[in-house]
Amino acid sequence: MHKIVLKKQLSHDMFWLEFEAPYVAAKAKPGQFIIFRVDEFGERVPLTMAASDKDKGTVTIIFQAVGRSTMLLSQLNEGDYIMDVTGPLGNPTETEGLKNVCVVGGGTGNALAYPVAKGLHDVGIHVDMVSGFKTEELIVLEDEFKEAVDNFYLMTDDGSKGEKGFTTDKLKELIDAGNEYDEVITVGPPIMMKFVCKVTEPYGIKTVASLTAIMIDGTGMCGGCRVTVGGETKYACVDGPEFDGQLVDWDVLIARNAYYTEEEKRDREHVCNLTGGVRHYE
Amino acid sequence: MNNDVMKKTPMPSQEPDVRNRNFDEVALGYTEEMAIGEAKRCLNCKHKPCVSGCPVNVRIPEFIEQVANGEFEEAYKIITSTNSLPAICGRVCPQENQCEGKCVRGIKGEAVGVGRLERFVADWHKKHVGNKDVTEIESNGIKVAVIGSGPAGLACAGDLVNKGYKVTVLESLHKEGGVLVYGIPQFRLPKDIVAYEIETLAKKGVEFIHNVVVGKSIYIDDLFDEGYKAVFIGTGAGLPMFMNIEGENLVGVYSANEYLTRINLMKAYKDEYDTPIKRNKNVVVVGAGNVAMDAARCAKRMGADVHVVYRRSRAEMPARAEEIEHAEEEGIKFHLLNNPVRILGDENNCVNRIECIKMELGEPDASGRRRPIPIEGSEYIIEADAVIMALGTRLNNLIKRTTPNLELNERGGLLADENGKTSREGVFAGGDAVTGAATVIRAMGAGKKAATAMDEYLRGLGD
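Line by line, the protein sequences give chains E and Y.
In terms of the numbering used here, the first sequence opens at residue 1 and continues consecutively.
In terms of the numbering used here, the second sequence opens at residue 1001 and continues consecutively.
Calculated from the structure, these hints are not laboratory results.
Virtual Cβ for every residue (Gly too), placed ideally from N, Cα, C.
Mixed in with the good hints, there may be bad ones.
As the list claims (entries may be wrong) - Pairs of lysine to aspartate or glutamate residues, derived as EDC-like cross-links and limited to a Cα-Cα distance of at most 20 Å, are as follows:
#, chain 1, residue 1, chain 2, residue 2
1, E, 27, Y, 1425
2, E, 27, Y, 1221
3, E, 7, E, 144
As the list claims (entries may be wrong) - Chain E is nowhere near these chain Y residues, computed Cβ spacing over 10 Å in every case:
#, residue
4, 1065
5, 1142
6, 1204
7, 1205
8, 1254
9, 1258
10, 1400
Generate the whole structure from the sequences, applying the supplied hints.
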């Protein structure tokens, strides 16, 4: 059982949660993820860590309450317990040899991009951050980003705050303006990551995409998270979660992630009127 | 002695057309009368061929004699002197290749139902004696760690705690039992039996910590730093194998591990659990081992029409005979001497059919089984909205990656001698992690051997 020590609501459906997980905190590095199970009946859900504190033995996640499990998780408060937390899983972000990086985050992906951008900047790498959101009220971590990176570019689809346009537009503009990035790192909806890779490809800029995939165990056992990268089958959990985005078969990944959409929709509708919250058992 | 009864006492079971729609246990178990009757078929041979067929050398004729006399608790004591998990072994061991395969009664008729009797004795003990009087074993204070709570780890932990060690079992998933809980379905091995065995170990003083992935959450070296004097690695062979054919990454193509884990560990078949599972119409399972049978029978219970595709013939099917028979009775269709060529999908990248080719048997191959050869031009299509690959598993090297000087053998498993000693001092290993995918009982045998070797090693340290 993992006690929640801090909870912040970042927007109407985005949450910041810090909880006790000493085993995870002792070994966690930026880019790695955890798997949580909210209660006895819950799914195992992977989430990239936003931060960890070895001394306090805590881990922080930032998540959007979109599916049943994340909605249930968002109903927990400080002092409540998450039933299961496993990690750190996956490989850490590779930073060796990097000097100048552009990080591109979209929607919830910004929450996951934040620790990556901050981690890079903390080790002396020049970081430009392009953050895209649909509209002003969905913007999260604006102040944190400004603090953590060299240049922060805020984009909204409808122009309600920052510049109007997509992250891909801004990225192209920055490259065309003469910024020489050794690498672009992108975290966000697969469809956005796919187009970020399309932008960088003609310039020959290596582009790393952090993938979220359907998984169960997170240790390579189920094979549910397999992705096709450069024609080879890879497991997002043990070979990733970060891959060379220009080699990823995005269409198969997008289809795979949509596999349980119907079931999830049904489950989501049951969150409030059926159980009213997390079901403690035993 | 029931010398004239050539056949095994039949096992009472749920009717095929009833059980293929529920997840309750298929075999219901012998009554006391049936057990005594079956036990009386044993010839009590002097040379005990059955014992030599058992990886943990259960004293078979001795326990059967006690069953014949109605002394069931005595029988239990005899079994558990060498086998700590009889309720599990009685259900899942491939007896026909082990004890029963060597039984003298099997020459003219059917072997004595050793597995069924073992199960009866274990169930009788659980029902009439239970573990309420099991108490903590006095500890010698020496800390040992067991990684993985599958059959190898549980057997090793059981023997070590009995020898007085302070045992901690580390499990990567949220529930203990390894393949016994994520792989083998409820209808073949009820999960309360696994939970009971784990509870018994806990009562004896074994500490279980779940959600710890050794190699990720903690490294082997950390365990020694924390004061553990010896470590047993029983992490199994977890990585699923695929065929590397076209279309294998289409949506709706599962590894058997994923399909079974969704159903067994995550209980996707129960409405109150959140883990999603598709209610498929036509499922093709590729492979013919026990895992393939489990996946096929689960898919049937989820309401699908199920087809098993296997490239060799009936004689080469690796599954237990009983599982194959049960699967056939439940209405699963077998396409033997057939091999998938490619998997095809629709515009959404979802699988909708599988192309197979007919095979014929040629000369024996390296495994001694006749090599299947494709018959040119015999390709045909099976409609399928899900394909489950049950082709075996290989070693997961998460621990190897973070443990210096831990060597692998030529098959990709951990290098260990016959007593489980690895290339690292104080580190032992056994079960599928060493041999590659095998059976529950072999893994248990390896766990027990390693426990003995660890005891010797630890005694040596004290000198």
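**Asked** Of the numbered hints stated previously, which ones are contradicted by the structure, given in increasing order?
**Response** 1, 8, 9
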